[in-house]
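Protein chains in written order, with the working numbering: chain A, 875 to 1083; chain B, 875 to 1083.
Keep in mind that the hints were calculated from the coordinates and are not lab data. In this text, all values refer to a predicted model and were calculated from it rather than measured experimentally. A couple of the hints might just be wrong.
Identical chains blur together in the list; that is why a pair holds if it fits in one copy or across any two.
Here are the simulated lysine-lysine pairs, DSBU-like style, with alpha carbons at most 30 Å apart [to be verified]: (1) K896 / K962; (2) K896 / K876; (3) K962 / K920; (4) K876 / K962; (5) K920 / K876; (6) K962 / K918; (7) K962 / K991; (8) K896 / K920; (9) K991 / K920; (10) K991 / K896; (11) K876 / K1058.
Number of protein chains: 2
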Amino acid sequence: MKFYDAPPAPSPRRVRMFLAEKGVAIATVNLDLTQGEQLTAEFKAKNPRCTVPVLELDDGTCLTESLAICHYLESLYPQPNLFGEDAKEQALVLMWNDIVMFNGFAGAGEALRNFAKLFRERSVTGPANFPQIPELAERGRLRTEHFFSELDARLADSEFVAIDRFTVADITAYICVEFASWIKVSITDAQPHLRRWHAAVSSRPSAAA
Amino acid sequence: MKFYDAPPAPSPRRVRMFLAEKGVAIATVNLDLTQGEQLTAEFKAKNPRCTVPVLELDDGTCLTESLAICHYLESLYPQPNLFGEDAKEQALVLMWNDIVMFNGFAGAGEALRNFAKLFRERSVTGPANFPQIPELAERGRLRTEHFFSELDARLADSEFVAIDRFTVADITAYICVEFASWIKVSITDAQPHLRRWHAAVSSRPSAAA
Chain A
875 MKFYDAPPAP SPRRVRMFLA EKGVAIATVN LDLTQGEQLT AEFKAKNPRC TVPVLELDDG
935 TCLTESLAIC HYLESLYPQP NLFGEDAKEQ ALVLMWNDIV MFNGFAGAGE ALRNFAKLFR
995 ERSVTGPANF PQIPELAERG RLRTEHFFSE LDARLADSEF VAIDRFTVAD ITAYICVEFA
1055 SWIKVSITDA QPHLRRWHAA VSSRPSAAA
Chain B
875 MKFYDAPPAP SPRRVRMFLA EKGVAIATVN LDLTQGEQLT AEFKAKNPRC TVPVLELDDG
935 TCLTESLAIC HYLESLYPQP NLFGEDAKEQ ALVLMWNDIV MFNGFAGAGE ALRNFAKLFR
995 ERSVTGPANF PQIPELAERG RLRTEHFFSE LDARLADSEF VAIDRFTVAD ITAYICVEFA
1055 SWIKVSITDA QPHLRRWHAA VSSRPSAAA
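Using the sequences plus the hints, can you model the full thing?
Right under this line is the structure:
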């Protein structure tokens, strides 16, 4: 099994944090995205969408998409449970993971990709080039701010994001909040619940992954 | 258990098709999104993000996000299996479901929401209003066309989207292709594998759901 990583990109960091929670280390190859190492023919053969992370299994299967990779690792290393124990817990974990992805990660990604010079012709991940849309950078920032408020409201009712203990949904949300700092969106004084949760997750050893 | 639906919206149709594959019917409430029935205080109490579908459990828990709802229903009604049997199958199903969501559904949604008059101030789902960005409509259409090519390439290698039989990833992809017809993106003669798969899925009784 081989893990294709690319610090400091946020998506593979989700998998690194997941592995750290499991206390597992696997063979890792680091790609330099600023040098386009995800766009080579060799890497395209592993992932035609040219994204990281990728988990290459011993039979040659290449898993992409952070959630799918974490789900596979959960099967190999079931303790501690990070995807929920019963049907309702599992559904709530998938639900909150998707809420973070569609609202938080999508907005922050739009803001970064449509603003930073590095992505001038690369406003969407993948093999095709799309030029930046400046209005989308601004909309992405606003969406991210809305998402922070929404997450604060959720954390007013719940110690953790999805259920009553730490799960992969907390990992996704934590990396999203960290990623949002790249577009200068930060937790405000009006978001005490989000601040409390962020401090608690930051103190976990896996946050350094 | 109560299902909040909104024909003809694509996301709840994913759940209807999933239920049809299982041969299960559940109590359903239809919302009229053109009348803003998803924005009422009553519905916001069930889903603060004002999206459909929602599955309200008998204990009052409201599940949102189509994938999470389908996963919960899979636990209740395990046959036929639609989420994969072992760790690798399950990971491939989640992976392809996310690929369809992040590339196909996202692009088609951008194209529709940033073009159609109905969504003039509603270019993003949810309680907050965001005005349309015309350039994003065009980019969304191009992304959808790229996604069709990508899906055709996948279906050149595989009878179904994720593994060697029909799964929830096929449902998501099928509804995505159907949704893309709203923005006038259709399967082309250069995409024979996508056409073969689309015809096969269209012939399933669940496609009428």
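Taking the hints in turn, this is what the structure says about them:
Taking the shortest Cα distances, K896 and K962 sit within 30 Å of each other both inside one copy (22 Å) and across copies (19 Å). With identical chains, the CA atoms of K896 and K876 are at most 30 Å apart within one copy only, with a shortest distance of 17 Å there and 37 Å across copies. Taking identical chains as interchangeable, the C-alpha atoms of K962 and K920 lie at most 30 Å apart only when they sit on different chains, with a minimum of 16 Å there against 34 Å within one chain. For the homomeric pair K876 and K962, the shortest alpha-carbon distance between copies (15 Å) is at most 30 Å, but the shortest distance inside one copy (32 Å) is not.
Taking the shortest alpha-carbon separations for K920 and K876, only the intra-copy value of 11 Å comes in at or below 30 Å, while the best inter-copy value is 42 Å. Only between protomers do K962 and K918 lie at most 30 Å apart by alpha-carbon distance; the minimum there is 21 Å, versus 37 Å within a single protomer. In this assembly of identical chains, the alpha carbons of K962 and K991 never lie at most 30 Å apart, being 43 Å within a copy and 38 Å across copies at closest. When the C-alpha separation of K896 and K920 is checked against a cutoff of 30 Å, the pair qualifies only within one copy, where the shortest distance is 25 Å, while the shortest distance between copies is 34 Å.
For a Cα distance limit of 30 Å, the shortest separation of K991 from K920 inside one copy, 28 Å, qualifies, whereas the shortest one across copies, 41 Å, does not. Taking identical chains as interchangeable, the C-alpha atoms of K991 and K896 are never at most 30 Å apart, the minima being 37 Å within one chain and 49 Å between chains. In the homo-oligomer, the alpha carbons of K876 and K1058 never lie at most 30 Å apart, since the shortest distance is 34 Å inside one protomer and 41 Å across protomers.
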